[in-house]
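Colleague: Residue numbers (our numbering), protein chains in the order written: chain A, 1 to 330; chain B, 1 to 301; chain C, 1 to 255.
Think of the hints as simulated: they come from the structure by calculation, not from any bench. Since we're looking at a predicted model, the values are computed, not measured. Each hint should be verified, as a subset may be incorrect.
In silico lysine to aspartate or glutamate, EDC-like type, Cα no more than 16 Å apart, as pairs [as the list claims (entries may be wrong)]:
{"#": "1", "chain 1": "A", "residue 1": "Lys154", "chain 2": "A", "residue 2": "Glu234"}
{"#": "2", "chain 1": "C", "residue 1": "Lys220", "chain 2": "C", "residue 2": "Glu246"}
{"#": "3", "chain 1": "C", "residue 1": "Lys220", "chain 2": "C", "residue 2": "Asp56"}
{"#": "4", "chain 1": "C", "residue 1": "Lys150", "chain 2": "C", "residue 2": "Asp169"}
{"#": "5", "chain 1": "C", "residue 1": "Lys150", "chain 2": "A", "residue 2": "Asp29"}
{"#": "6", "chain 1": "A", "residue 1": "Lys307", "chain 2": "C", "residue 2": "Glu232"}
{"#": "7", "chain 1": "A", "residue 1": "Lys307", "chain 2": "C", "residue 2": "Asp184"}
{"#": "8", "chain 1": "C", "residue 1": "Lys220", "chain 2": "C", "residue 2": "Asp25"}
{"#": "9", "chain 1": "C", "residue 1": "Lys216", "chain 2": "C", "residue 2": "Glu246"}
{"#": "10", "chain 1": "C", "residue 1": "Lys68", "chain 2": "C", "residue 2": "Asp56"}
{"#": "11", "chain 1": "B", "residue 1": "Lys33", "chain 2": "B", "residue 2": "Asp224"}
{"#": "12", "chain 1": "C", "residue 1": "Lys150", "chain 2": "A", "residue 2": "Glu190"}
{"#": "13", "chain 1": "C", "residue 1": "Lys216", "chain 2": "C", "residue 2": "Asp169"}
{"#": "14", "chain 1": "C", "residue 1": "Lys220", "chain 2": "C", "residue 2": "Glu186"}
{"#": "15", "chain 1": "A", "residue 1": "Lys307", "chain 2": "C", "residue 2": "Asp240"}
{"#": "16", "chain 1": "C", "residue 1": "Lys239", "chain 2": "C", "residue 2": "Asp192"}
{"#": "17", "chain 1": "C", "residue 1": "Lys216", "chain 2": "C", "residue 2": "Asp192"}
{"#": "18", "chain 1": "A", "residue 1": "Lys307", "chain 2": "C", "residue 2": "Asp210"}
FRET-style restraints, in silico, Cβ to Cβ [unchecked claim]:
{"#": "19", "chain 1": "C", "residue 1": "Arg74", "chain 2": "A", "residue 2": "Val97", "range": "23 to 31 Å"}
{"#": "20", "chain 1": "C", "residue 1": "Arg200", "chain 2": "A", "residue 2": "Gly107", "range": "38 to 46 Å"}
{"#": "21", "chain 1": "C", "residue 1": "Leu116", "chain 2": "A", "residue 2": "Ala17", "range": "19 to 27 Å"}
Glycine residues also receive a C-beta, built at the ideal position from the N, C-alpha and C atoms.
Residue strings, one per chain:
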Amino acid sequence: MTVSRTTSYAGIAVVVAVLPLLLDPYWTDVFVSIGLYSVLALSLNIILGQAGLFHMGHAAFYAVGAYVTAIANTMWGVPVLWAMPFAGLAAALFAMVVARPIIHLRGDYLLIVTIGIVEIVRIALINNVFGLTGGANGIFGISRPMLFGFKIAKPVHFYYLVWAYVACSILLFRRLENSRFGRALNYIKEDDTAAEGSGVNTASYKLWAFVLGAFWAGMTGTIYAAKMTIISPESFSFWESVVLFAIVILGGGSNRGVLLGAFLLIGLPEFFREFASARMLAFGLAMVVMMIFRPQGMLPPMPRFYKLPERIRCITGKGGDAAAQAGGGA
Amino acid sequence: MEEFFQQLTNGLAVGGIYALIALGYTMVYGVLKLINFAHGDLFTIGAYLGFTLFTAFGLAGWVSGPGGVLLVLVMVMGLVALIGFLLERVAYRPLRSSSRLSAVVSALGASIFFQNAVMLIYGAKFQVYPNDIRPSYVLSIMGIDVPLVRIMMIAASLGLMLALYWFTQRTRIGAAIRATAIDQGAAKLMGIDVNRVISLVFMIGPALGGVAGVMVGLYYGQVDFTMGWVYGLKAFTAAILGGIGNIPGAMVGGLLLGVIEALGAAYISIAWKDAIAFLVLILILIIRPTGLLGERVADKI
Amino acid sequence: MSLLALRNLTKTFGGLVAVNNVTFDVAEGAIVGLIGPNGAGKTTVFNLITGNYKPDSGDIFFDGRTIKGLPTHRIVQQGIARTFQTIRLFQNMSVIENALAGCHCRMQSGMLSAMLRTPAQRAEEQRALLRATRELEFVGLADEHANLAKNLSYGNQRLLEIARALATDPRFIILDEPAGGMNDQETAALIDTIRAIRDRGITVLLIEHDMSLVMKVCEKLVVLEYGALLAEGVPAAIKDDPRVIEAYLGADTDD
Numbered sequence: 001m002t003v004s005r006t007t008s009y010a011g012i013a014v015v016v017a018v019l020p021l022l023l024d025p026y027w028t029d030v031f032v033s034i035g036l037y038s039v040l041a042l043s044l045n046i047i048l049g050q051a052g053l054f055h056m057g058h059a060a061f062y063a064v065g066a067y068v069t070a071i072a073n074t075m076w077g078v079p080v081l082w083a084m085p086f087a088g089l090a091a092a093l094f095a096m097v098v099a100r101p102i103i104h105l106r107g108d109y110l111l112i113v114t115i116g117i118v119e120i121v122r123i124a125l126i127n128n129v130f131g132l133t134g135g136a137n138g139i140f141g142i143s144r145p146m147l148f149g150f151k152i153a154k155p156v157h158f159y160y161l162v163w164a165y166v167a168c169s170i171l172l173f174r175r176l177e178n179s180r181f182g183r184a185l186n187y188i189k190e191d192d193t194a195a196e197g198s199g200v201n202t203a204s205y206k207l208w209a210f211v212l213g214a215f216w217a218g219m220t221g222t223i224y225a226a227k228m229t230i231i232s233p234e235s236f237s238f239w240e241s242v243v244l245f246a247i248v249i250l251g252g253g254s255n256r257g258v259l260l261g262a263f264l265l266i267g268l269p270e271f272f273r274e275f276a277s278a279r280m281l282a283f284g285l286a287m288v289v290m291m292i293f294r295p296q297g298m299l300p301p302m303p304r305f306y307k308l309p310e311r312i313r314c315i316t317g318k319g320g321d322a323a324a325q326a327g328g329g330a
Numbered sequence: 001m002e003e004f005f006q007q008l009t010n011g012l013a014v015g016g017i018y019a020l021i022a023l024g025y026t027m028v029y030g031v032l033k034l035i036n037f038a039h040g041d042l043f044t045i046g047a048y049l050g051f052t053l054f055t056a057f058g059l060a061g062w063v064s065g066p067g068g069v070l071l072v073l074v075m076v077m078g079l080v081a082l083i084g085f086l087l088e089r090v091a092y093r094p095l096r097s098s099s100r101l102s103a104v105v106s107a108l109g110a111s112i113f114f115q116n117a118v119m120l121i122y123g124a125k126f127q128v129y130p131n132d133i134r135p136s137y138v139l140s141i142m143g144i145d146v147p148l149v150r151i152m153m154i155a156a157s158l159g160l161m162l163a164l165y166w167f168t169q170r171t172r173i174g175a176a177i178r179a180t181a182i183d184q185g186a187a188k189l190m191g192i193d194v195n196r197v198i199s200l201v202f203m204i205g206p207a208l209g210g211v212a213g214v215m216v217g218l219y220y221g222q223v224d225f226t227m228g229w230v231y232g233l234k235a236f237t238a239a240i241l242g243g244i245g246n247i248p249g250a251m252v253g254g255l256l257l258g259v260i261e262a263l264g265a266a267y268i269s270i271a272w273k274d275a276i277a278f279l280v281l282i283l284i285l286i287i288r289p290t291g292l293l294g295e296r297v298a299d300k301i
Numbered sequence: 001m002s003l004l005a006l007r008n009l010t011k012t013f014g015g016l017v018a019v020n021n022v023t024f025d026v027a028e029g030a031i032v033g034l035i036g037p038n039g040a041g042k043t044t045v046f047n048l049i050t051g052n053y054k055p056d057s058g059d060i061f062f063d064g065r066t067i068k069g070l071p072t073h074r075i076v077q078q079g080i081a082r083t084f085q086t087i088r089l090f091q092n093m094s095v096i097e098n099a100l101a102g103c104h105c106r107m108q109s110g111m112l113s114a115m116l117r118t119p120a121q122r123a124e125e126q127r128a129l130l131r132a133t134r135e136l137e138f139v140g141l142a143d144e145h146a147n148l149a150k151n152l153s154y155g156n157q158r159l160l161e162i163a164r165a166l167a168t169d170p171r172f173i174i175l176d177e178p179a180g181g182m183n184d185q186e187t188a189a190l191i192d193t194i195r196a197i198r199d200r201g202i203t204v205l206l207i208e209h210d211m212s213l214v215m216k217v218c219e220k221l222v223v224l225e226y227g228a229l230l231a232e233g234v235p236a237a238i239k240d241d242p243r244v245i246e247a248y249l250g251a252d253t254d255d
């Protein structure tokens with residue numbers, strides 16, 4: 001089980017590493033987008049896929065990160081990559097403030113409220129809140145990131161930056177999933193009441209799922225701002241949140257599923273550019289068809305594998321029989 | 001005072017539209033626990049079908065005045081009901097036993113499909129409703145001028161809402177719908193054909209949405225292919241505001257949202273109009289987590 | 001001394017008085033049965049103890065301190081574990097993960113240590129896994145550890161609920177109809193398991209409709225009717241109490 005998972009990741013890694021050698025700048029750019037959406041969807045997956053919280057406003061956190069980066073860079077001259085942790089923290093703080101009063105809402109009520117939040121954020125950006133966001137035109141002139149004295153400017157540079165970020169994110173998220181924290185989120189998704197009754201502080205974990213997802217989305221906002229050098233409110237509309245939501249559900253909730261979902265929803269339409277408007281028609285139809293034939297998503301998460309400690313001694317006589325029969329089979 | 005009254009009636013007119021669309025969301029949610037994200041686009045389709053019927057066949061000229069409009073409304077209702085029926089059959093019925101989230105994504109896919117289908121057929125530009133079918137008469141109520149079309153809008157949406165309320169409360173089929181919403185399994189055991197009830201709900205909801213589309217076309221004089229997103233989101237907000245699954249809740253939520261928006265735009269800031277609507281929603285849900293008229297379901301443990 | 005003490009506990013839902021001024025004690029190390037006709041408010045009492053519902057009035061003391069108003073997970077942390085009448089397992093997760101859920105409240109590591117996979121975090125995971133395995137062995141489900149909870153038989157699902165509760169390292173365990181849906185053989189084994197739980201030093205409070213089980217295993221019974229305390233005492237006395245017989249068999253026609 002773990003072997004196949006490791007090999008599939010190794011396979012993906014090799015493909016990702018050599019891909020830019022075969023691509024022109026346009027397609028490299030497409031893959032940069034796929035990478036960005038992948039990280040965003042991975043961070044949404046913590047909230048939606050792992051904890052099962054209906055969240056359709058992830059673009060709000062992404063927007064906070066991107067705008068913090070843009071403001072810090074253009075107004076105060078903070079180097080872009082230095083702004084990254086602050087962008088993440090700002091988004092996390094924002095999530096903590098807005099999620100706390102709504103965390104107890106059930107499924108669909110939470111869904112509309114998160115949609116509301118993303119809309120409020122977008123409108124606030126258009127209305128130039130605090131005189132910092134530049135209104136509907138947004139902010140331009142964001143500088144390119146410097147990494148160890150190397151200027152990241154070409155699509156291929158961004159390609160490696162973004163995919164290295166994807167790789168780090170997957171590594172960390174995988175560890176998180178296979179931990180007390182990850183399990184707690186799954187318990188909440190499966191049965192909120194039973195989780196609380198088993199001693200899990202459900203309210204706190206839900207909030208932390210939001211905060212962590214927002215932190216990552218905020219940091220991704222930094223890279224987006226650096227790549228585009230110009231950001232505007234329309235980049236963070238409800239539509240973006242919908243796409244991310246669909247990536248997670250179509251993918252099935254596993255990390256590999258998210259990568260596949262991002263490729264299908266962001267990359268695949270690019271292959272059909274010549275069909276222009278009809279391609280979105282097919283896109284919508286494909287979403288319906290895919291859900292009908294794979295309602296659980298393309299790659300649902302595999303069950304976690306536990307290596308049980310050897311069963312040598314037992315607490316009671318009764319358990320002893322069971323253990324003796326098992327014969328240390330694990 | 002005059003300004004307030006104008007905004008109030010305008011808010012009620014728009015709120016009536018929201019309410020009619022919200023009814024579609026809330027009825028479908030009631031029987032399937034599904035948010036039909038394509039519902040807003042059925043509203044768009046209604047608006048465009050109305051445009052086609054008014055212009056291409058020149059019905060307005062053929063049957064002049066209110067009769068023509070009424071005929072178009074009935075035809076649009078029938079056509080959009082048919083599309084709603086097909087939508088449920090194709091996109092939702094196969095997912096009935098799957099997780100609710102996969103049905104949501106299927107709904108989003110259907111929404112994208114409809115929106116782009118409308119764009120491919122009618123073009124990306126907005127379409128103008130013929131303005132001779134729209135009554136231009138202005139009523140004077142206590143010295144305040146109110147366009148007749150606005151009064152007619154309010155009356156029409158209220159009339160439809162009352163009719164629907166009567167239908168669900170007083171008829172056998174209405175009782176079947178309510179029973180299915182409460183407990184599908186029990187309804188089935190009592191001999192209710194649940195599949196037929198669901199199909200019916202997927203015809204009534206879209207029919208009301210389609211009518212709302214034509215009404216928007218008549219009121220504002222133009223329609224565009226993305227309008228379903230905006231109105232759909234607002235109507236969904238209204239349904240949640242009233243307590244989703246609850247029919248009177250959708251009516252109250254829709255009218256309230258329309259009025260809040262109109263007054264908010266007039267007295268607070270027009271630029272923040274949409275934000276005000278959502279802010280009110282969030283505040284209400286913080287105080288009443290299941291909406292204004294939604295039942296508070298105690299967790300059965 | 002009593003480990004759990006309920007004092008004048010009252011809970012109403014709308015107009016319905018579900019629990020009416022109930023007072024009783026559970027001594028440390030005892031096995032106590034809470035019985036009564038359907039709708040007598042037994043499960044509501046459980047939900048009040050575990051903090052799923054907040055009482056309207058009255059108080060609940062655990063080991064001498066009030067636990068009224070604490071959130072459920074804090075009550076679990078204090079040492080009160082429970083099972084659910086309508087089985088509430090994490091159906092799509094494996095048996096071992098269900099048991100691990102109980103270990104959660106005895107663990108420390110958070111988000112950061114999991115991402116960094118610190119030695120302390122890994123050691124803690126191992127300890128939890130050991131504990132969870134031990135509890136599965138205790139109820140006899142160790143061989144099923146990799147199965148999904150939903151694929152277990154009904155009786156085994158009940159046992160898994162017990163294992164999950166035991167993994168929280170409780171001093172007090174509340175079992176809500178543990179024999180529900182079990183066959184005679186499974187019920188007989190369950191009696192041994194309940195006694196074994198007590199022998200580990202854990203106090204047991206249970207709701208059960210299977211009277212033969214209750215009479216065999218409980219040392220004290222508390223009888224509820226219409227939300228109020230009807231009687232309490234040793235099983236032999238309760239069995240012959242005319243009020244209890246009346247409550248169960250229905251009143252005579254002359255009332």
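Colleague: For each hint, tell me whether it holds in the structure or not.
Modeller: Here is how each hint holds up against the structure:
For the hint pairing Lys154/A with Glu234/A, the CA-to-CA distance comes to about 24 Å; that exceeds 16 Å, so the pair is violated. Under the criterion of a C-alpha separation no larger than 16 Å, the hint pairing Lys220/C with Glu246/C is inconsistent with the structure, at around 20 Å. Taking the CA atoms of Lys220/C and Asp56/C, the gap is near 27 Å; set against the 16 Å cutoff, the hint is violated. Restraint check for Lys150/C and Asp169/C: the C-alpha separation of about 24 Å exceeds 16 Å, so the hint is violated.
For the hint pairing Lys150/C with Asp29/A, the CA-to-CA distance comes to about 45 Å; that exceeds 16 Å, so the pair is violated. At roughly 47 Å between alpha-carbon atoms, Lys307/A and Glu232/C are farther apart than 16 Å, so this suggested pair is violated. Distance restraint check for Lys307/A and Asp184/C: the Cα-Cα separation of roughly 34 Å exceeds the 16 Å cut-off, and the hinted pair is therefore not satisfied. Straight-line distance between C-alpha atoms of Lys220/C and Asp25/C comes to about 10 Å, which keeps the hinted pair within the 16 Å bound.
Between Lys216/C and Glu246/C the CA atoms are separated by roughly 22 Å; this puts the pair beyond 16 Å, and the hint is violated. Restraint check for Lys68/C and Asp56/C: satisfied, since their Cα atoms lie roughly 10 Å apart, inside the 16 Å limit. With a CA separation close to 30 Å, the supplied pair Lys33/B and Asp224/B exceeds the 16 Å bound. Between Lys150/C and Glu190/A the CA atoms are separated by roughly 12 Å; this keeps the pair inside 16 Å, and the hint holds.
Straight-line distance between C-alpha atoms of Lys216/C and Asp169/C comes to about 26 Å, which puts the hinted pair past the 16 Å bound. For the hint pairing Lys220/C with Glu186/C, the CA-to-CA distance comes to about 23 Å; that exceeds 16 Å, so the pair is violated. Taking the CA atoms of Lys307/A and Asp240/C, the gap is near 53 Å; set against the 16 Å cutoff, the hint is violated. Taking the CA atoms of Lys239/C and Asp192/C, the gap is about 22 Å. The hint is violated against a cut of 16 Å.
Proposed proximity of Lys216/C and Asp192/C is supported: the alpha carbons are some 10 Å apart, at most 16 Å. The suggested pairing of Lys307/A with Asp210/C is violated, with an alpha-carbon distance near 38 Å, which exceeds 16 Å. Taking 23 to 31 Å as the suggested C-beta distance range, the pair Arg74/C and Val97/A conforms, at roughly 24 Å. For Arg200/C and Gly107/A, the Cβ-Cβ distance of about 40 Å falls inside the hinted range of 38 to 46 Å, so the restraint holds.
Separation of Leu116/C from Ala17/A is about 25 Å and conforms to the stated range, judged on CB atoms against 19 to 27 Å.
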